[in-house]
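K.L.:
Residue numbers (the numbering used here), protein chains in the order written: chain Y, 1 to 361; chain U, 1001 to 1361; chain G, 2001 to 2361; chain B, 3001 to 3361.
Treat the hints with care, as some may be off.
DSS-like mimics (lysine-lysine), calculated; alpha carbons at most 30 Å apart, straight line [unchecked claim]:
id	chain 1	residue 1	chain 2	residue 2
1	Y	K356	G	K2091
2	G	K2002	Y	K2
3	G	K2002	G	K2091
4	U	K1002	B	K3002
5	G	K2109	G	K2091
6	G	K2279	G	K2356
7	Y	K356	G	K2002
8	B	K3002	U	K1356
Treat the hints as calculated values from the structure; they're not laboratory data.
Okay, here's what each chain looks like letter by letter:
Protein chains: 4
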Amino acid sequence: MKVVIFGASGYGGAELIRSILVHPFFELTGASANSNVGSTIGELYPHLGFSEVSQIEFVSNEDLITMVNRGGVEVAFMAMPNGQAIQVVPKIIDSLRLVVDLSADFRLKDPTLYDRYYNFSHTELSLLDEAVYGLVELNRGSISSARLIASPGCYVTAVTLALFPLLDLGVVTNDGIVADALSGISGAGRGANVANLFSEIDSSSFAYGIGTHRHRPEIAQNIGTDLLFMPQVVPMVRGILAKTYAQFNPQWLEAVGINGVDDTPSAMQVGEIISGAMKEFYSASPFVDIRRSGSSPMTKSVLGTNRAEISYFYDGTTNKVLAISAIDNLVKGAAGQAIQSANVALGFDEELGLSKVSLIP
Amino acid sequence: MKVVIFGASGYGGAELIRSILVHPFFELTGASANSNVGSTIGELYPHLGFSEVSQIEFVSNEDLITMVNRGGVEVAFMAMPNGQAIQVVPKIIDSLRLVVDLSADFRLKDPTLYDRYYNFSHTELSLLDEAVYGLVELNRGSISSARLIASPGCYVTAVTLALFPLLDLGVVTNDGIVADALSGISGAGRGANVANLFSEIDSSSFAYGIGTHRHRPEIAQNIGTDLLFMPQVVPMVRGILAKTYAQFNPQWLEAVGINGVDDTPSAMQVGEIISGAMKEFYSASPFVDIRRSGSSPMTKSVLGTNRAEISYFYDGTTNKVLAISAIDNLVKGAAGQAIQSANVALGFDEELGLSKVSLIP
Amino acid sequence: MKVVIFGASGYGGAELIRSILVHPFFELTGASANSNVGSTIGELYPHLGFSEVSQIEFVSNEDLITMVNRGGVEVAFMAMPNGQAIQVVPKIIDSLRLVVDLSADFRLKDPTLYDRYYNFSHTELSLLDEAVYGLVELNRGSISSARLIASPGCYVTAVTLALFPLLDLGVVTNDGIVADALSGISGAGRGANVANLFSEIDSSSFAYGIGTHRHRPEIAQNIGTDLLFMPQVVPMVRGILAKTYAQFNPQWLEAVGINGVDDTPSAMQVGEIISGAMKEFYSASPFVDIRRSGSSPMTKSVLGTNRAEISYFYDGTTNKVLAISAIDNLVKGAAGQAIQSANVALGFDEELGLSKVSLIP
Amino acid sequence: MKVVIFGASGYGGAELIRSILVHPFFELTGASANSNVGSTIGELYPHLGFSEVSQIEFVSNEDLITMVNRGGVEVAFMAMPNGQAIQVVPKIIDSLRLVVDLSADFRLKDPTLYDRYYNFSHTELSLLDEAVYGLVELNRGSISSARLIASPGCYVTAVTLALFPLLDLGVVTNDGIVADALSGISGAGRGANVANLFSEIDSSSFAYGIGTHRHRPEIAQNIGTDLLFMPQVVPMVRGILAKTYAQFNPQWLEAVGINGVDDTPSAMQVGEIISGAMKEFYSASPFVDIRRSGSSPMTKSVLGTNRAEISYFYDGTTNKVLAISAIDNLVKGAAGQAIQSANVALGFDEELGLSKVSLIP
């Protein structure tokens, strides 16, 4: 099945190529990168020199649109900066079986949020309406018949996977939720930026976008309530470690009943009951790995994989439910997630082209 | 002034030596390290080979006790593992002008907490009672006349400096406070431990001691209320980045009045008012640096220094006050703090032997 | 095909498991780790929790020997410390189709070198004689019919692949060769060692084993001449970057003739002629990637892969040929190499279970 | 004494400020940075927010020239990119007591090398002639009366300090010398460059400028012979680890005589004899630290300091003398060196404003 990538020169593009190379049914046949037109993939990514795709030349977005419209290509992955996919998708979608957009352009259902958070006005309202949100774990049914998938990014995926079932099942209330999340710096992309130099990032941890980050409204859309979102950078290339703090709802415990537990469960038992419910919620999701209550996921454990590790903990003193989730921001938080939902939309095994074994050490 | 270090072979000991070497009034005259008896400082720390202290031989704790009791030494810094200083301090304190203990042995006023969190029973209750808590910013008066100082550690210092004035002034309530803190791995010490190998820590962020960490009761003692404490390791050697989340108390705003602000201040204005109050609270503290509301401290900005950078932010949606603080865990979170309170106790300028300029980049 | 791993708890063991999990014909059925008997693979490697192998319990070496001798197992990988495989291999080899040893126990043809460099006397001389050196690129024929393979390690592989063809074809003389090689710290293994802590290795580059390293005689055995070998550690987990400096032999140029080049080729042309000869030498080796003369391999380009990137350069001023080679020490320098030669010995496609696409960024 | 910095916004500038802040006689009174005119030092370097220099506003180079020519300033440090100091120095030198240039503009005595290696033609030949090369250890006398100092950079300092005395005393011949040097990435400066992003540099070691690097002719000028220079980047912020390989001259041994050694000294003894001669050569240099033969300097041991650690080793097999030297590229390899030679030129203690104790861990 012939696939193309628009905007293939960034880290998301590199990671898409890594997956496509090991995917049994996908064949990369074209790639655009407006700032690298004329270079080959092998020139930009010397580590792919051994592969046949290294001979593919980057073309302009316009030329790739033309190529797609000549027919033969079935899938396009859009890995361009925010605000560019809405320019391209309308021109190609009718020639393709599937478009998966990795940018924010089709994620937010309220179009006015684009003016406020992304500095552009959304002009493709019917496509926005048609787009299916590409979080397979929560949306498998719609994705399986989608033509346009809006694939969510790293922070939003890590936080949503952790919080959605807690709120959906009523385990926690929606009062004063905090999501405190650490990210590797590759999430900032491959742009030439002094702030992201090795000399600046090494040995440094810091917060940014405090209270104003554009992923806050997207998380709110997913979980159905606003929250305080605190993104931070820590000195690693890949990985998200998200911790969410929410108020426990004791009535949930009464509702579910407590099998094999005394009338008043200990805090540790409450944590285990919550973990059990989460495990059940994700029982059909091969990439979600609910860990033992009280343990912690590690970003290194998911490095290079499409897995999400999540653990839950109940703190009796503050009556809070803590969730910790770890993903690789470039895989489950970007390219891997896009491949996963493409697999579902195209009727393939969800796991094709994706790894579960991380590079340890 | 002659000083000695008990337990000088760990990272805290190395950092004490670094300060003492540039301190105009301290002269290191003895160092113990039970596991390195007979080695010189220069053998264990080749980077100090150039210095005269490199010839000092590590002796046993017993031999250093004997040396102290022969007289001439005025100050002892105790950098031994928890549970060991209470064995040594009673044997030397009467021969000395000042003892500064960097371990937890004299920090907790409730002795039963040692049984629960440190696996030993405290047997030196009168010294525990006499010991002064060595956080100069909150306790300058008592420290100036102390004979035995219990110097607090990294997490506790970062969290306490951020939260204490908020609670003390009534800016926040004590309900459901969360302290989420990131640490460099040097906080785990210099022990041979597989989990702290470069190959394990690089590229990895993770939580540990979830809900059970021994620094929770010490923070609670300092701020006067229990809280949820979430320590995490991120891949850097030094640095603490602590974020605290607490519920804003609107009555505080009424109480302080709002000069130069409309009747209903915006969230941003509330953040600035809080920051102003904190700046005033710490106006006499040369090592506390209150930053602009909405900005973030960076661990790299305090690397190698005794400074604490703190910023405050008010989030209108959740009505929470966020504080972010950054310190170097081995300086303001260990050795630097000990030197600082020794300076105050001995009547020296608080800043002697301590740096404020970090190693950037 | 059932395989077992002796000594599976170190980094080599972890990497073997990573390959075996994606190998279409290998099934892991047993693993020994004397220091972790009774633990499961999932307990030691939480990142494998999702996989069926996570349920496998580590047994003692003795119990795994017994299991092998009950039959059914066809291949054993030995990932034990030096000096241990010679205890085990004699007890199992007759029950197996293939034994691949990742330690040094069967690599050195001169048994007296074990006394001198490894502190044990070699007692299995006939097995030592039978053992085939597992560098597929130089030894494909013998490996294809081997029963016992001595699989070389990281430094030796990187240096031998770079130097062997230069000496074999007479491009360089064997006078005063220098091999200066950088290694990631995972090469030092998973032992609890203060010197390998994150806090010690971060920001530090240094040499060790100067002139005395035990890999010097093994390289000398491979290339047929002694040399100065300078191993160094740089702050990264994986990767070897080896640079070799040897004296150019101008008569080689006359011997090969110089097609399409002036009578006196420029230094750049000499470099390109050498590169061309090396490319031809390795033309049947899918994992060797000869790069353009004057360019440099990067350790990151081979991260997680079994590829070796090598470039050659001729320096006119000093008349030296410089070779630079990069491999992942745990893959082409350990587990991947073992899998590769097992594939050849068992008649499989050389590339099964091995990746060529690195994790970038 | 009033000092100014031209080009103060890069890493060299930041490091100059760090030294000046602790220097007892220097007072920073002006700083230029053409790309940051109007910003204050505190805005560009938030970690200096606590200091009075944070209020200093960056001005243009032109405005700083005017300020200097109004009088009162005594010293200018030039931390501008190559090719810019020759524009500025002629306009200010007559108003100043001392100019120290950290760029290459006055380092090479053969002006034609600027055309070849730096892409500009040198137009200030009399200043070039007047300029004194600022390596205090080799040039103390001339520096003490200099008005214009050309301060050498990181690679050149590390290699020259190691090789100069070997060649000067005749310990080695000048045939086929190789200098293989590792550098932290801060040596590449603070420019916005994709290749220097954390995501690119982390986990990566690689060579560059192979055979063509512009520091090759400068090293050759210093040591009096050409050589093969192989610069490499390893994943750390600061530090140079240089290894040089040269042919031993046995006649030197005869010339110096061998006290207390048998007629034919062992290789180890030769190494120790060489080390002793080097120790004597540098006996008046407080910042050079000759280590035991066979040991290795570590970049971490000199982090943040102006020290150079060097060790020497003799390899009997290849008859080569190996030298290993470690410096902090931003201190002894840039700003610290400039301060050191300014101290000498101004008659101050050589060590003022400079540290010898590194930040360990």
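K.L.:
Give a verdict on every hint.
P.N.:
Consistency of the hints with the structure:
1. K356/Y with K2091/G: violated, 36 Å
2. K2002/G with K2/Y: Distance of about 37 Å is beyond 30 Å: violated.
3. K2002/G with K2091/G: Holds, at roughly 18 Å.
4. K1002/U with K3002/B: Answer violated: K1002/U to K3002/B is near 37 Å, above 30 Å.
5. K2109/G with K2091/G: holds, 21 Å
6. K2279/G with K2356/G: Holds - the C-alpha atoms of K2356/G and K2279/G are around 18 Å apart, at most 30 Å.
7. K356/Y with K2002/G: holds, 22 Å
8. K3002/B with K1356/U: Answer holds: K3002/B to K1356/U is near 22 Å, not above 30 Å.
Consistency with the previously given hints fails for numbers 1, 2 and 4, ordered from lowest to highest.
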